Amino acid sequence: MAVSVALVEAPAVAVTPMSYWRTVGWRLSRDRATLLAGGVLGLIVLSAVLAPWLAPYDPSAGSIRLRLAEVGAPGHVLGTDEQGRDMLSRLLWGGRMTLVAGLTPVLVALVLGAALGVAAGYVGGITNTLIMRTMDIFYAFPAVLLAIAISGALGPGLANTLISLSIVFVPRVVRVAESATVQVKGLEYIAAARASGAGVRAIVRHHLLANVLGPILVFASTQVSLSIILAAGLSFLGLGVTPPAAEWGLMLNTLRQSIYINAIVPALPGVAIFVTSMAFNLLSDGLRDAMEIRG
Amino acid sequence: MWVYVGRRLLLAIPTLLGASIIVFAMVHLAPGDPISAVMPAESSQAEIEATKRAYGFDRPLPVQYLVWLGRVAQGDLGKSVATRRAVILDVRDALANSLVLALSSSLLAFVLGMAMGLLAAFRQGRALDKLASAVAVVGVSVPHYWAGIILIIVFSVQLNWLPAMGAANEPGVVEYLRHIVLPTVALALIPLGVITRVVRSAALDILSQEFVLALRAKGLGARRVFSHVVKNSAPQILTVLGLQFGFQLGGSVLVEAVFSWPGTGYLLNLAIFQRDIPVLQGVILVLATFFVLLNLAVDLLQTLIDPRIARD
Numbered sequence: 001m002a003v004s005v006a007l008v009e010a011p012a013v014a015v016t017p018m019s020y021w022r023t024v025g026w027r028l029s030r031d032r033a034t035l036l037a038g039g040v041l042g043l044i045v046l047s048a049v050l051a052p053w054l055a056p057y058d059p060s061a062g063s064i065r066l067r068l069a070e071v072g073a074p075g076h077v078l079g080t081d082e083q084g085r086d087m088l089s090r091l092l093w094g095g096r097m098t099l100v101a102g103l104t105p106v107l108v109a110l111v112l113g114a115a116l117g118v119a120a121g122y123v124g125g126i127t128n129t130l131i132m133r134t135m136d137i138f139y140a141f142p143a144v145l146l147a148i149a150i151s152g153a154l155g156p157g158l159a160n161t162l163i164s165l166s167i168v169f170v171p172r173v174v175r176v177a178e179s180a181t182v183q184v185k186g187l188e189y190i191a192a193a194r195a196s197g198a199g200v201r202a203i204v205r206h207h208l209l210a211n212v213l214g215p216i217l218v219f220a221s222t223q224v225s226l227s228i229i230l231a232a233g234l235s236f237l238g239l240g241v242t243p244p245a246a247e248w249g250l251m252l253n254t255l256r257q258s259i260y261i262n263a264i265v266p267a268l269p270g271v272a273i274f275v276t277s278m279a280f281n282l283l284s285d286g287l288r289d290a291m292e293i294r295g
Numbered sequence: 296m297w298v299y300v301g302r303r304l305l306l307a308i309p310t311l312l313g314a315s316i317i318v319f320a321m322v323h324l325a326p327g328d329p330i331s332a333v334m335p336a337e338s339s340q341a342e343i344e345a346t347k348r349a350y351g352f353d354r355p356l357p358v359q360y361l362v363w364l365g366r367v368a369q370g371d372l373g374k375s376v377a378t379r380r381a382v383i384l385d386v387r388d389a390l391a392n393s394l395v396l397a398l399s400s401s402l403l404a405f406v407l408g409m410a411m412g413l414l415a416a417f418r419q420g421r422a423l424d425k426l427a428s429a430v431a432v433v434g435v436s437v438p439h440y441w442a443g444i445i446l447i448i449v450f451s452v453q454l455n456w457l458p459a460m461g462a463a464n465e466p467g468v469v470e471y472l473r474h475i476v477l478p479t480v481a482l483a484l485i486p487l488g489v490i491t492r493v494v495r496s497a498a499l500d501i502l503s504q505e506f507v508l509a510l511r512a513k514g515l516g517a518r519r520v521f522s523h524v525v526k527n528s529a530p531q532i533l534t535v536l537g538l539q540f541g542f543q544l545g546g547s548v549l550v551e552a553v554f555s556w557p558g559t560g561y562l563l564n565l566a567i568f569q570r571d572i573p574v575l576q577g578v579i580l581v582l583a584t585f586f587v588l589l590n591l592a593v594d595l596l597q598t599l600i601d602p603r604i605a606r607d
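Line by line, the protein sequences are chains A and B. Quick note: the first sequence, position 90, residue 90 per the working numbering, numbers continuous. Quick note: the second sequence, position 158, residue 453 per the working numbering, numbers continuous.
Simulated from the structure, these hints should not be mistaken for lab results. Quantities reported herein were computed from a predicted structural model and do not represent experimental measurements. Glycine included, each C-beta is placed from N, C-alpha and C at the ideal position. A few of these clues could be false.
What the hints assert, rightly or not - Across the chosen pairs, the derived CB separations fall in these ranges:
1. B:Lys526 - A:Ala159: 48 to 54 Å
2. A:Leu209 - B:Gln369: 46 to 52 Å
3. A:Val45 - B:Ile316: 37 to 43 Å
4. A:Gly125 - B:Leu304: 23 to 29 Å
5. A:Arg133 - B:Leu361: 18 to 24 Å
6. B:Leu398 - A:Arg30: 42 to 48 Å
7. A:Ala159 - B:Leu361: 30 to 36 Å
8. B:Val433 - A:Gly125: 41 to 47 Å
9. A:Leu209 - B:Leu304: 46 to 52 Å
As the list claims (entries may be wrong) - Covered stretches of chain B, going by a simulated chain A footprint (3 or more residues, C-beta under 8 Å):
10. 375 to 389
11. 408 to 415
12. 537 to 549
13. 583 to 589
What the hints assert, rightly or not - Facing chain B, a subset of chain A residues (Cβ under 8 Å, in silico):
14. Gln83
15. Gly84
16. Asp136
17. Ile137
18. Ala140
19. Pro142
20. Ile148
21. Leu154
22. Gly157
23. Ser225
24. Ile229
25. Gly233
26. Leu237
27. Ala263
28. Ala267
29. Leu282
In isolation and in its complexed conformation, chain B is listed as follows:
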């Protein structure tokens, strides 16, 4: 098992390095060179050259990459071209807001999805099962940014119950909760669909195995059988949960744009339109690192729950 853990940890390193190369390459994907785009129009050629040297853009690409990687490893993501603030500070604040949103929407999707998936599996073919299947299809088919707009139209514009935009300006738990409700619901739709579907099929899979029949034959009540089913489908459910949480964190750009929620997605959106490449790189690199580490944690946790996985 420890061999597996060690190998899995080592495998994460090339993935992270590869991701960093992609993020680094983004500067050079952009049309034009990264400095001319942000310099004032009247600046002279000499000034542009000087700025390029100051940022190290005059050196060969591999050297630029290594220098950049060295700085990143020390937690220095550079300075925002637009605000001159250290990128790491902006990303940190935004990440905190995104984490809260990802946690709340994952929690909502997890509780509802688990309940619906399990109930559907135990009531296969009945009305409840059909409802769960419908929720699953709608969840993965609905454009969540549009769902966000619909929520705003209904609950902010028409009913005037909840605020349409931003995080709370005034302190207070109630205000904060009032602001986070709508983005949470919008963001929870996709994972709700996915989790319902996976939980249902995992539970059905376990229910069809012989040991469940044996448990029932032994005279175990429905509740005890239920707990066996949940325990046995745990590794599969855990994987989908971990992945969905990662998707929530990295995939909230559109929802954050709809609700002006001050998270990483909002920051990324801002960076794109200000052509603020250091911020763009910083956000993506931090989110990708988070995503890779999360996948790693899920894998390791899985082997802890079910040691059979490591032996495969």
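Bound conformation, chain A alone:
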């Protein structure tokens, strides 16, 4: 993982060169695919946050007479599920659960992983060996298997999903943080800072973190879509969020039996997962390009 140095790319008209972050912003503002992905994502997050006000019905209020209504049925734009609950309302509420279950583990991994990785990389020696070899053990399991195994042992529930997914993502962030730290630590300006009498805390805070956080952040952003797919996948298996709560993976699971009656409605929660995860992927691709981080 190479850490790129700010590259000042002055447009012909500008007189003063732009700062690194302004350059990144300028590049992003010209990248249409990334802007579109960001817009879509903004709408998804907004609709999840505003679900209580946007949803036309109570997400858990069903009606026996209105089961599996088609998309476009009067009063139910996106139809109803197997218990006659309004799909639009459930998708809006479900987005909250899925986003929380998918984003939290990556945030936990970002904080814990960056701390462990920077410590391992900067201190080196025995500390490094201890931390990195422990993380290696988790690489003995494919991500999906590890998440399902831990969730399976812990039992269903949102909290257990968060725990098992955090365990999946922490070691990944640690690896990236460690290798970025080792690379930056060897650069001359760190040696110069140390020679001029700066303490460990000052060096880490002012010189190291500023150059290491970029790659770590970008890497974490690439993991969000996997985290969302896995979080919904755990609910899909019955290991995540428990009924009657609305969550996209869980909705997909309970609607699965109904594909012989109504082909469109059971597919909708998956469309929501797909669009969200794709938007996150496109956004992180754009971010990586704009920040000129290879990895």
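Fit chain B to the given chain A structure using the hints.
The following block gives chain B in isolation, referenced to the frame of chain A:
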């Protein structure tokens, strides 16, 4: 080089031991103790204690771990709490089914991904390149369990061409193939995306090097240049292939659940809902061992192809 091989082999041992500790710890992650959960509700305290002793759950944890590890090393993964069958037999049958599925989906993803990645690199910026990039993004973004359901809706429910569930009951190659098509496609989506992306960037990397220019200047035709590019990107492509195959084997739980394919993932799912901890442990341990050995094989094969790697 042999020093490297030896060191790499030694490094795999602590990883495997660490993995075994995690798998062992899973029993104790579970809420409640592993015996009370499966005993009949009316059993007396004495009966529970007796069963605990019989399974060795009354001894200190490190002792339990060593005893368990000793048995595992001899191929004894214990007995299923639900069926009383030896876990190793269940895992063996399921592993065979999972291997077939992992092989077929890896093959599909490899052939398509290689073709698309290479074509995209040689036609950079053209329509084909854009298509390959789109496939790559969709492949890694799509929830594959949902893709499986869509395949069932289209090809089983609507068109009625292919069966929706299970492996073939009646013998026959055609029946078997008919059952494996849909799970193969669903499982191939993620590696297809990843392989397309890696092959494209590896080929572009090689194409931008000076020796390719030299080859072209020498008057080599497009086909010969192509073969040089493929040969030079082989180590990188091999790594991603090996890893993806491992992911396929361990990551097929969701797809196997969708299609009721009788593999390790299906067995794991069953074990979780029956709270059959020995089966859960057995499946995960076998898959993790397989995964570690596969990574090892890929590493060693890589140094064989490109000895420069060992010197780094």
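Going through the hints against the structure:
1. B:Lys526 - A:Ala159: 48 to 54 Å: Check passed, 51 Å falls within 48 to 54 Å.
2. A:Leu209 - B:Gln369: 46 to 52 Å: holds (50 Å)
3. A:Val45 - B:Ile316: 37 to 43 Å: holds (39 Å)
4. A:Gly125 - B:Leu304: 23 to 29 Å: holds (25 Å)
5. A:Arg133 - B:Leu361: 18 to 24 Å: With a Cβ separation near 21 Å, Arg133 (chain A) and Leu361 (chain B) satisfy 18 to 24 Å, so the hint holds.
6. B:Leu398 - A:Arg30: 42 to 48 Å: holds (45 Å)
7. A:Ala159 - B:Leu361: 30 to 36 Å: Given about 32 Å between the Cβ atoms, the range holds.
8. B:Val433 - A:Gly125: 41 to 47 Å: holds (45 Å)
9. A:Leu209 - B:Leu304: 46 to 52 Å: Since the Cβ atoms of Leu209 (chain A) and Leu304 (chain B) sit about 38 Å apart, the hinted range of 46 to 52 Å is violated.
10. 375 to 389: violated (count 0)
11. 408 to 415: Violated - the stretch 408 to 415 of chain B has 0 residues with a Cβ nearer than 8 Å to chain A, which falls short of three.
12. 537 to 549: Per the Cβ count (7), the hint holds.
13. 583 to 589: It holds, with 3 qualifying residues against the three required.
14. Gln83: violated (19 Å)
15. Gly84: violated (21 Å)
16. Asp136: Holds, because the Cβ-Cβ distance from Asp136 (chain A) to chain B comes to roughly 6 Å (cut-off 8 Å).
17. Ile137: This interface hint holds because 3 Å falls under the 8 Å limit.
18. Ala140: Holds. Min distance 4 Å.
19. Pro142: Where the cut-off is 8 Å and the nearest Cβ of chain B is about 3 Å from Pro142 (chain A), the hint holds.
20. Ile148: Constraint on Ile148 (chain A) satisfied, holds at 5 Å.
21. Leu154: With a closest approach of 6 Å, the Leu154 (chain A) hint holds.
22. Gly157: violated (10 Å)
23. Ser225: Since the shortest Cβ distance to chain B is 6 Å, the answer is holds.
24. Ile229: Interface hint status for Ile229 (chain A): holds (5 Å vs cutoff 8 Å).
25. Gly233: With a minimum Cβ separation of about 5 Å from chain B (threshold 8 Å), the hint on Gly233 (chain A) holds.
26. Leu237: With a minimum Cβ separation of about 6 Å from chain B (threshold 8 Å), the hint on Leu237 (chain A) holds.
27. Ala263: holds (5 Å)
28. Ala267: Holds - the Cβ of Ala267 (chain A) comes within 8 Å of chain B, reaching about 6 Å at its closest.
29. Leu282: Constraint on Leu282 (chain A) satisfied, holds at 7 Å.
The structure shown violates the earlier hints numbered 9, 10, 11, 14, 15 and 22.
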